[in-house]
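Asker: Sequence:
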Amino acid sequence: MAANVETMFFTREKPWHGIGVQVMQAPKSSEALTLAGLDWKVVQEDIYTDSGNRIEGFKVNVRDCDSKVFGVVTDRYKVIQNDEAFAFTDELLGDGVRYETAGSLMEGRKVWLLAHIPHKYIIAGEKISPYLVFSNSHDGSGAIKVAVTPIRVVCNNTLNLALRTAKRSWSTIHTGDILNKLEEASTTLFMADKYMGELGKEFEVLRKQKLTDKQVTDYINMLLPIDEGATKQQVTNMKRLQEDLKIRYYDAPDLKDVGSNGYRFINAVSDFATHAKPIRQTANYKENLFIRTIEGNPLIDKAYRMLAAA
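Position one of the sequence shown corresponds to residue 178 (this note's numbering), numbered consecutively onward.
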């Protein structure tokens, strides 16, 4: 099993990690919870010293089915159970919501679910499908986060740009009145609609931003720079990555008719960021890539900022 992915399910085609329960049709939440291996609860237990004294102000989050310890948190920490995450998404998206994938990472400490938002968008002449990602941590390391992740359908690339004009995500910490905070997140759909609208405007601007071959080369060198003092091997490795990105810009079949412009470049960078293999393939690099898909990819954002500043 991959280093970070504990359990999950996926629909139709096998994903990059090659694990999990495959289903042919996206299920409802009641089925998804079980298929994803998320049908367990987090319980909070007191912490004691070796001498038997209870430690005030802290609890330990533990999985009920196997007593797996997730982490120590303050006694102000409020647990959001996995079934509550699905219930929130069900209510947010309404009848007919289907889950494309869900699962747990890092031995259950981090969980996520991804559901298709039932709206269709044609942006820059292409079908862009928005997905809602709900991610949560049970070890106290991160916030509850709801984010919009647009996927370019023709090549399965993420296009979750950090726009200046519209938010892509909402988050809150695990303290206070969590249920009321989640009610605030019901604005996520309005946020998603605005984000997709602004994304369309930005893509139209990028389509009009013509790029010369020299500019493309310069941008690639800025995105993937060769550091001063780099060893011969490091130079070779970085040049290989630069060439990989260049090939995705010039030779990708789905970009042949797009023209030489910023839109083509951002899609090439997205393809590279979503699918390219790193120089050093650590045991969990694919899982880390998936996390960046949820939380935003800094390379795509950097490319977008470069183009916007031109």
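Don't read these hints as lab results, they were simulated from the structure.
It is possible that part of the hints are untrue.
[Unchecked claim] Ranges between beta-carbon positions, derived for each pair:
id, residue 1, residue 2, range
1, Ala453, Gly229, 50 to 56 Å
2, Leu356, Lys205, 19 to 25 Å
3, Ala264, Asp370, 18 to 24 Å
4, Asn438, Arg341, 15 to 21 Å
5, Thr389, Ser207, 52 to 58 Å
6, Asp478, Ser207, 35 to 41 Å
Positions of the beta carbon are idealized from the N, C-alpha and C atoms, including for glycine.
Asker: Against the earlier hints, flag every one the structure doesn't satisfy and list their numbers going up.
Answerer: Hints that this structure does not satisfy do not exist here, as all of them hold.
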